[in-house]
Amino acid sequence: MSPRGDGWTPDDVPDLTGRRALVTGATTGTGREVAMTLARHGATLVVADRDLDALADLVRTLDAEGAPRPVAVRLDLADLDSVRDAAGTVLAGPDGPLDLLVLDEGARPRSVARAADDLDPALTARFLGPFALTGLLLPRLRGATRARVVTVVSPAHRLAREVPTGPEGAPDAGDDQLRRRTAWAAPAEAALAALMFALELDTRARQHGLTTLDSLAAVAGLDASGVLGEGGQAQALTQRARRGPGILRAALGAVEQRSELAPWPALMAATADLPGSTVVGPGGPLGLNGAARIVNPPQRARDRDARSRLWELAEAATGVEYLS
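Just add 354 to the spot in the sequence shown (first one is 1) and you have the working numbering.
Hints are not guaranteed to be accurate.
[Stated by the list, open to error] What follows is a list of derived Cβ distance ranges for each label pair:
no.: 1; residue 1: S613; residue 2: D659; range: 15 to 25 Å
no.: 2; residue 1: D657; residue 2: R423; range: 38 to 48 Å
no.: 3; residue 1: N650; residue 2: P451; range: 14 to 24 Å
no.: 4; residue 1: L406; residue 2: R560; range: 36 to 46 Å
no.: 5; residue 1: P451; residue 2: D627; range: 11 to 21 Å
no.: 6; residue 1: D657; residue 2: G420; range: 43 to 53 Å
To be clear, the hints were calculated from the coordinates, so they are not data collected in a lab.
Glycine included, C-beta positions come from ideal geometry on N, C-alpha and C.
Sequences and hints are given; from them, build the entire structure.
Structure below.
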């Protein structure tokens, strides 16, 4: 593999026997493919998703293949109470370290009601939920000889005009920012927040002497039907393009990620020999499709002051404080 990761394929995934991994969003898309691949290479899995029937189907599939039987846990990353319950279930289960945590949002319902806390569902599912889950599971991650957290990020982060931290980034002002997002801005800003979380987690782990924890990000390719969120203007626009003139359909097809390549960035970030703060994404035009490789995060995601304000905001919004 080159220094940029060119040439990596799932054939490079090593033997994972003896390693324990938790994958969220594990019943569909990237999350399911990551879970299946990890299990096929010997990892002991905890698979988490909001759909219990789909989790049962995944367990049956892995059983039929002779892979280690996973533990299924109900988890809705858009619901902070569900996040706390899921973390409690994991912590109450068998002792032992957690070597790998893969944070994938998974499929979202087309219509998502706001929770009682009135936080934006996109921001909760993509950032606040993963933030809280990581903090709650930190004791298990600390127990690993070498632990890794991989946050799967939508390419919509490039469309974000601002970081949702409020005026001057103050957490109390930013709290309102978490509650009133437009249909277009919320998914993009949530994706940027997720990327900033992945980078800030790695930085804070080093600052607090937790040198056995690496945090990486995996940027998903362009799924034009879901990159800006399910339903609403984004989905309507995509459906119109698919039904429109041939030139529109061709343009969409030229940048969409091939389904078989979609999980590669997450798998590479989860299993390749890479340092913390690495971002893996598609290596094709505009970084929207193609095979996985190491990519550069946008300048906005590297802003330490903004990342620190976002971390403080997340602690205030979730009630989960760590590495502070």
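Hints, one by one, checked against the model:
Our hint of 15 to 25 Å for S613 and D659 is violated, since their Cβ atoms are close to 39 Å apart. In this structure the supplied range 38 to 48 Å holds for D657 paired with R423, their Cβ-Cβ distance being about 44 Å. For the pair N650 and P451, the supplied restraint of 14 to 24 Å is violated, since their beta-carbon distance comes to about 32 Å. Judged by the Cβ atoms, the range 36 to 46 Å given for L406 and R560 holds: they are separated by roughly 38 Å.
Evaluation of the 11 to 21 Å hint for P451 and D627 yields a pass: the beta carbon distance comes to about 19 Å. Distance hint check for D657 and G420: the Cβ-Cβ separation is about 47 Å, which falls inside the suggested range of 43 to 53 Å.
When the structure is compared with the earlier hints, violations turn up for hints 1, 3 and for no others.
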